Amino acid sequence: MVQRGRGQLSWYPDDPVWSEVRPGLWIGGHTRFDATGEVPVVVAHEFDVVISLYRREGHGPPDGVEHHCVPIPDGPLSPEQLEQVARLAGLAAAAVRGGRKTLVRCHAGYNRSGLVVARTLVELGLGVPEAVALIRSRHSPRVLHNELFVRYLGNELAP
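Numbered per this note's numbering, the sequence shown finishes at 189, counting up by one with no gaps.
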């Protein structure tokens, strides 16, 4: 990971840039903020698979790293976008089952990535409450603070 800037790299002082939620499955974002402002977080070769729900040029990953980029808004989702969330969670679950180190990231690493990671954990056998609790305990209690996304999980993302 390349970090530009100085100071604490986080939206919140104690939150990590990336966190391993379970073996092989990571959650994170494209940027953090410190006292100087926005600080880019750039993916290099730390992961085998990167799923980006937000795109920003210059944030990686480099060639040779499998990258799936499907922009998802941080707000109400259409049935088609919910289908994309389910598809990406399936990709992430298959990658983790295959022993591939997988990062799911959005802009800040809380809501969109939380939705896909939670859905991935459900595909890997956890219930929704357990999945949300695990992500919050491993990454940040602020994960999935967008209650709409939690409701999508409660509906099991049925389009």
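Keep in mind that the hints were calculated from the coordinates and are not lab data. Being a predicted model, the structure only gives us computed values, none of them experimental. We put the beta carbon where it would ideally sit given N, CA and C, even for glycine. Any given hint could be a false lead.
[Said to hold, decoys possible] Ranges of calculated distance between the beta carbons of each label pair, as one might list FRET restraints:
{"#": "1", "residue 1": "C99", "residue 2": "G67", "range": "22 to 30 Å"}
{"#": "2", "residue 1": "R172", "residue 2": "R85", "range": "20 to 28 Å"}
{"#": "3", "residue 1": "G157", "residue 2": "E87", "range": "37 to 45 Å"}
{"#": "4", "residue 1": "R86", "residue 2": "R52", "range": "34 to 42 Å"}
[What the hints assert, rightly or not] Below 25 Å or equal to it, Euclidean Cα-Cα: the simulated SDA-like pairs (lysine to any residue) are:
{"#": "5", "residue 1": "K131", "residue 2": "H97"}
{"#": "6", "residue 1": "K131", "residue 2": "L164"}
{"#": "7", "residue 1": "K131", "residue 2": "V47"}
{"#": "8", "residue 1": "K131", "residue 2": "P91"}
Right, here's what the structure says about each hint:
no. : hint                      : verdict
1   : C99 with G67: 22 to 30 Å  : holds (25 Å)
2   : R172 with R85: 20 to 28 Å : holds (22 Å)
3   : G157 with E87: 37 to 45 Å : holds (38 Å)
4   : R86 with R52: 34 to 42 Å  : violated (26 Å)
5   : K131 with H97             : holds (12 Å)
6   : K131 with L164            : holds (18 Å)
7   : K131 with V47             : holds (16 Å)
8   : K131 with P91             : holds (13 Å)
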